[in-house]
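There are 2 protein chains.
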Amino acid sequence: MLYTFAGSRSIPTKSTMPAPHIRPATAEDLAFIVNLIEADGMVGSTEDTANPQGPGYMAALAAIEADPNQLLLIAELDGQPVGTFQLTFTPGISRKGAWRCTIEGVHVSPEHRNKKIGETMMVWAVETARARNCVMVQLTSNKARTNAHRFYNRLGFKQSHEGFKLMLG
Amino acid sequence: MLYTFAGSRSIPTKSTMPAPHIRPATAEDLAFIVNLIEADGMVGSTEDTANPQGPGYMAALAAIEADPNQLLLIAELDGQPVGTFQLTFTPGISRKGAWRCTIEGVHVSPEHRNKKIGETMMVWAVETARARNCVMVQLTSNKARTNAHRFYNRLGFKQSHEGFKLMLG
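Protein chains in written order, with our numbering: chain A, 1293 to 1461; chain B, 1293 to 1461.
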């Protein structure tokens, strides 16, 4: 399946449906992002949807924007945000001092699913990781999200690891 | 099991065996780290053990040292390195703009296992993540490393996610 990452032109479905545009998120996107995270949540309410430009969210966006190794992204279709994801580029010693790209916060609007928007987002992520000389792209997905697991497997990801989380505070 | 993270004094085993000291890694530690990664590998040889201060490794160390959100650490016992791990602190929008801490590259020298060195390293990681106001500590572990999974579960981590990797190039 790796051939799908050779270039966006090689994705046959992209020629038959409108392709979303990927761009950095801004403060104006926070309401979209925060509401989507809340709607997609698996552990009850975690977000302050009434105040998506509150100080916590604005500080996080500022920290992301200030760090060249963080990218918070929006997939836009017809000028409207329809998806979001975040990339973190991490230097490490292993594999002769290789960089890796970690994908977090992958969400697509419920009303825009099954339009290959997630696929376009992930292809963009992989192409960007390649362009930045990463040897690996990695992500974790909640064990209950079996549809997502099929999606990532289809894109060529290997489900090789167990993902552990420890909540603090 | 979360009580074990309340403070290092609460770990009963630490009073009965020498506790390793945690400190940032330096270029002098690269030979130790690179050899340990190579010995712990699950996918064949990945490292240049003959040249652990080669340009790739030195550039990675420099990138880590230049980034306040990266910490490459050494556990030292009696003045000798016995373990290593890396912490990455990542800002994000979810959970009201929360930071998370990702642990990568956890390795303990084979001859120093079963001395609670890994536990001391992970307790240090969690305490540091707390001090930096992270809401979560996360890591992935190869599905074949079942001993490691028991270790992380014992420390209170929840094995809630599937870990996906896509190798590039």
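Take the hints with a grain of salt, since some may be wrong.
Since the list can't tell identical chains apart, any single copy or any two copies may satisfy a pair.
[As the list claims (entries may be wrong)] Straight-line C-alpha distance at most 16 Å; calculated EDC-like pairs for lysine to aspartate or glutamate:
#1 Lys1457 - Glu1396
#2 Lys1408 - Glu1357
#3 Lys1408 - Asp1359
#4 Lys1388 - Asp1332
#5 Lys1435 - Glu1403
#6 Lys1388 - Asp1340
#7 Lys1450 - Asp1340
#8 Lys1388 - Glu1403
#9 Lys1450 - Glu1403
#10 Lys1388 - Asp1359
#11 Lys1435 - Glu1419
Hints listed in this document are in silico derivations from the structure and should not be mistaken for laboratory results. Computed from a prediction, not measured in an experiment: that's the story for all the values here.
Cross-check of the supplied hints:
Taking the closest pair of Cα atoms, Lys1457 and Glu1396 come within 16 Å of each other both inside a single copy (14 Å) and across two copies (13 Å). Taking CA atoms no more than 16 Å apart as the test, Lys1408 paired with Glu1357 passes in neither setting, with 27 Å inside one copy and 39 Å between copies. Proximity of Lys1408 to Asp1359 under the C-alpha cut-off of 16 Å is found in neither arrangement, the shortest distances being 29 Å within a copy and 35 Å between copies. Within a single copy, Lys1388 and Asp1332 get their C-alpha atoms only as close as 38 Å, which misses the 16 Å cut-off; across copies the closest is 15 Å, which meets it.
In the homo-oligomer, the alpha carbons of Lys1435 and Glu1403 never lie at most 16 Å apart, since the shortest distance is 23 Å inside one protomer and 35 Å across protomers. For the homomeric pair Lys1388 and Asp1340, the shortest alpha-carbon distance between copies (6 Å) is at most 16 Å, but the shortest distance inside one copy (43 Å) is not. For the homomeric pair Lys1450 and Asp1340, neither the shortest alpha-carbon distance inside one copy (35 Å) nor that between copies (25 Å) is at most 16 Å. For the identical chains of this complex, Lys1388 and Glu1403 are neighbours neither inside a copy (44 Å) nor across copies (24 Å), given an alpha-carbon limit of 16 Å.
For the homomeric pair Lys1450 and Glu1403, neither the shortest alpha-carbon distance inside one copy (28 Å) nor that between copies (32 Å) is at most 16 Å. Taking the closest pair of Cα atoms, Lys1388 and Asp1359 never come within 16 Å of each other, the shortest separation being 24 Å inside a single copy and 19 Å across copies. Taking the closest pair of Cα atoms, Lys1435 and Glu1419 never come within 16 Å of each other, the shortest separation being 26 Å inside a single copy and 27 Å across copies.
Checked against the numbered hints listed earlier, the structure breaks hints 2, 3, 5, 7, 8, 9, 10 and 11; every other hint is satisfied.
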